[in-house]
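Following the hints, put chains F and U in place on chain X, whose structure we already have.
Read off the chains here:
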Amino acid sequence: MSFSVGLSTYLLVGAMLFSLGLYGIFAKKNVIAVLMSIELMLNAVNLNFVAFNRFLGNESVLHGFVTAVFIIVLAAAEVAVGLALVISIYRTRKSTSVDDFNWLKW
Amino acid sequence: MSAATAGSMILPFTLLAPVLAALIIVFLPKEEGKMIKIVAALGTFAALALSVYVFFAYDRAQGGMQFNLILPWTKDLGVNLAFGVDGISIPMLVLTNLIGFTAVYSSWNLDKRVKEFFVLLLILITGVMGTFIARDLFIFFLFYEIVVIPIYIMVIIWGSTKRVSKEYAGMKLTIYLLIGSAFLLVGLVALYLNAKGLNGGQGTFMFDELAKFKYDPTFQKIVFGLMAFGFGSLISMFPFHSWSPDGYAGAPTAVSMIHAGVLKKIGGYGLIRLGLMVLPVGAKFWAPVIATLAIAGVLYAAFIALAQKDLKYVVGYSSVSHMGYVLIAIAAFNVTSINGAVEMMFAHGVMSALFFSMIGFVYEKSHTRNISELGGLARQMPRLAVGFLIAGMASLGLPGTVNFIAEFTIFMGSVRAYPVLAILGIAGIIFTAAYILRTLANVLFGPRRPEWDHLKDLRGPEMVPLVVLVFVLFVTGMFPNIVYSVINSGVTHSDLSKVMETVGLAKMGGLF
Amino acid sequence: MFKEMHDLFQWAWLIPFLPFLSFLLIALVTRRSKGLSAAVSILAILSALGLAIAIGVGVIQSWNGEEFVGREAVAAANWLNIGGLKIDFGTIVDPLSAMMLFVVTLVASMVQIYSLGYMHGDRGWSRYYAYQSLFAASMLGLVISTNLLQLFIFWELVGLCSYLLIGFWYFKVSAREAAKKAFITTRVGDFGLLLGILFLYNKFGTLDFAALSNAMNTNFQDFALIGGLSYLTVMAILVFIGPIGKSGQFPLHVWLPDAMEGPTPVSALIHAATMVVAGVYLVARIYFLFEHASPAALQFVAGLGAFTAIFAATIAIAQDDIKRILAYSTLSQLGYMMFALGVGSLTASMFHLMTHAFFKALMFLGAGSVIHALHEKQNIWDMGGLWKKMPITGWTFFIGVLAISGVPPFAGFWSKDEILAAALHNGHPVIYAVGLFTAFLTAFYMSRLFFVAFTGPSKPENHPHESPWTMTLPLIILGVLSVVGGLVALPEHNFAFYVHAGELEHEAMDWALAGISVVAGLIGIGLAYTIYVRKAIAAESIVAKFPGIYRLLKNKYYVDEFYLWLIHHIMDGLAKVLYWIDLYIVDGIINGLALFTRGSARTLRRTQTGQLQTYALVFFFAVVVIYLVFAIGEGQLAALNPLAMLGGVK
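Residue numbers (the working numbering), protein chains in the order written: chain X, 146 to 251; chain F, 81 to 592; chain U, 31 to 680.
Okay, chain X solo, but in the shape it has when bound (with noise of 0.2 Å):
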């Protein structure tokens, strides 16, 4: 059996972190779990790209490349936000469950 690694092969290990984060965002109950997530999620996407270019693309174009560096910076500073607001969050609610993050509708 002739296994290479190809295009689906990164492909399907994107799914699979893809799919860890989305279960992760839906069942764990700690916020900094679901941040967590949240960053194995894009960074599956980052692997899509950085792959779809790598196998799609010819050498002079580096689209994928420039997107999942961007999304990258993206992910650091969503993090940032998003940590900064568990931790003030966390000092007047001493909670880190997502279940109590909910005086935010209506």
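The hints are simulated quantities; they were obtained by calculation from the structure and are not laboratory data. Here the structure is a predicted model, which means the values were calculated and not measured. All C-beta atoms in this analysis are idealised placements derived from N, C-alpha and C, irrespective of residue type, glycine included. Heads up, a few of these hints could be off.
[To be verified] For each label pair, taking beta carbons as the anchor points, the in silico distance ranges come out as:
{"id": "1", "chain 1": "F", "residue 1": "189", "chain 2": "X", "residue 2": "181", "range": "53 to 61 Å"}
{"id": "2", "chain 1": "F", "residue 1": "533", "chain 2": "U", "residue 2": "425", "range": "43 to 51 Å"}
{"id": "3", "chain 1": "U", "residue 1": "591", "chain 2": "F", "residue 2": "129", "range": "55 to 63 Å"}
[Said to hold, decoys possible] Taking lysine to any residue pairs in the SDA-like style, the calculated list, with each CA pair at most 20 Å apart, reads:
{"id": "4", "chain 1": "F", "residue 1": "195", "chain 2": "F", "residue 2": "108"}
{"id": "5", "chain 1": "U", "residue 1": "202", "chain 2": "F", "residue 2": "528"}
{"id": "6", "chain 1": "X", "residue 1": "250", "chain 2": "U", "residue 2": "645"}
Coordinates of chains F and U only, in the frame set by chain X:
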């Protein structure tokens, strides 16, 4: 016309004077209340001076749009940053700046968040002014939308809560304006697309270009209907008027002055500029409906004003009543009545600004606007009483004030088109006299009330609105040709008179 | 000669302008200085009087009974010019306006001088003189107007001055209410006048008196309009509604008695001698309209005038307030002038207007002198024996009473006689009879007033004293005029020669008729003497015999009550109903829409739980559903292959 013509810079300067003042105020420290007010006064005075210059420099014999400045803005859509004035817009321009200038002085004693107040006020003035000097429908609409924002903020921060809360008043005012403008937007887009089709794919927003096309009658009826609703609710046409008394009652003095004085007039101005000039067939179709609603509004609001207890409500309903006269004049659709409609908008603007200014001072000093709690103020505040009395007399159309000229012209014009409705409307002068005199009697006259002995009469900067507005009321009232030479030039030189001939609504002469 | 006169007439605009200037001066400059204000005002009105006399002399000299150089507007300037509406302002000088100019400036001067004494020490002194000047300017402007709109403008302005002066003591509730009532009641009349003006302009394209008259003379075909009345008749009646309000004709007379709340000199000037006769003047000015209209128009004027005359006279009998008696007497005399016009004698009407101005102003000023002396007492039963204490006031008042009662040779005799003669000769016997009976009533109630207030024992609590010379001088001047004022009817080129409409009227003195009216007047005086001086018949017993009639008269036929009921129940009731509709129906719909929006929003917001993970779940499955919908919609079921979804397998 070539789009890049240099043109006159005077209108943009007029428009920018308050903006500049607002910018300077932004950089002033907020403790400098006095300084902020002086800057605002200077900015509005500059705009007033420039618009008065435009008023006198306008070539009446030549007519048409003058002081033009046309710059292409969004070429794909055909939007031009186009400014220009003719005889119909000049009185409105002067009126805006007149009231803007006096509104600053009427807010002279304000001490809550002074900086924000004056910045918003100046933006408001700019927005209103922009609608009157825009030659492009898109720009017109843009400025109209600019107006809405400061009004809402000013009402809910600096407003007063009486019968209705200021939040309710502000919300009602804003939502009404927005609903009106939503209908207007639909009509505007439909008009644009239709004109584009008739013009072979080249879109334009210029008023005079739009007026050149012959639109399908059914299309005109629908689009004029939309605009009549939009502009009609803006000019407080019965039964879309109920925002007006509540809104004025909730708003701070300056906003009431500008709103009743000029903002409302955008409705009448729009109906003439856009409704009559661009969609004459639609206008003819809707004219009887508008005339009927107008007269219903005149009498209905006059009667309701009789039953009011709050000063601002009296003037609020009275302005609904007076706008009925403007509407029937527009519906009567002849040279005389359109002249009268524009003059009435000017006259009512000056009068209601004076009225609201005086009421503002009464409220500021006595903290009440309840008619039954006031009384005998002529003793403690003779100067204020003079202003109040003159505003009242102007409101009931006393000769010598410009309001009489306007009413007389409107009656003259509308009797030709709708004799029966006009007679009913003229009967309104009796009820107007009744509610105005009742208010004057109960507030100014009667036994002296010791609880108001501490009230100080108007002095210093507080006198500015009184002196300026009374001067304008009397001078334009005693020499009507001053204003009418401009308006008449606007009405007779524009496409309007041609339109009126072709549509044939103008019944000249003949009784009944 | 004519040339020079013409030059003089061109300065006629100065007559109203001088008082206006004085108004501006007082309002803007001298209002802090009492003496200066009065000086400016009196100087202005005296100069105007001088000019008016000069113009009057000029008119007499340049008039030959047929033609007159000043007939046309001597000066006119464009005032308003727009599409479909053009109005000029100008001045008209003719015998009619010259006479009015003289009467108005004369009475105004007298009243302003008189006020120096009467208003002494009042805190609103400067304001008073400012209003007086403004009134004089407006009234004189009205008189020299060349067209209906110009006249209407000044017409409204005199109304404003009347409002301001009635309410001069604004802190008195009664004054405030009377001022308001006067303004609104006359407004009702103005409504009709304004309609007439509008329709006339739309028909003829001009409001100029001369041009209108011309247009009606040359090929104008009158036509039926409504209810069997012709166009011009309707116009005439519409225009006449204005005078009904301004000149206090029934049923709009109610404001005039209340207007007595103003200072007494104001009542003399505005509410007796000048403003209230503006309506008569207007009808005289536009008399050609009535002549061209069907006879119904003039009959209407005559009937209403005669009714007002007798109606007001009967009320005056039962009144006790000295000023109110005079006010009802004014109403009655205005009715006289109106029916004189109605029966076709412009001359008689204008003549009576002039003499009435003299003797009624005289009596009002006399009443003011009494009120001044008695410290604001106005009930005649609180007076008595004043003749001895106040000889000048008493004598001049007596002259006024004789004049109004039509005793020869006093002024009222000549003019009243001319009116009655005109009524009979022009075929209106009923109106003549009413006029004659009114003359009797007039003599009776005026003598009653005089005997009760001036003769008999004086009341111990009163300490009257004669008024200062500023007040008695005008009384004397007006007294003299009340004696000799009627003599202008005597010479060959008499009053009728100058002031007439249409054909020159040769109304010779009819001594028989004159005798009858003199007898009627003397009976009235005699009856009053018997009841109130000799006390041969007790007034109380008459009252006791006819209690119903007395109460009806005392309460002025309950017209005021009827209006009050109308205002408080109908007008205010309607106002309240409409306000309710506005609040709960018109606004109710608006608020209903808002409530509906809010209600639906309330329901929908339940879906916002605030739970982040719920949102994420919904979001995710929504994406899946949307993908499926699009995929199925495009018929690509194959895309549902999981591997194809990942895009990898070929």
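Against the structure, the hints come out as follows:
{"no.": "1", "hint": "189(F) to 181(X): 53 to 61 Å", "in the structure": "holds, 59 Å"}
{"no.": "2", "hint": "533(F) to 425(U): 43 to 51 Å", "in the structure": "holds, 47 Å"}
{"no.": "3", "hint": "591(U) to 129(F): 55 to 63 Å", "in the structure": "holds, 58 Å"}
{"no.": "4", "hint": "195(F) to 108(F)", "in the structure": "holds, 8 Å"}
{"no.": "5", "hint": "202(U) to 528(F)", "in the structure": "holds, 9 Å"}
{"no.": "6", "hint": "250(X) to 645(U)", "in the structure": "holds, 11 Å"}
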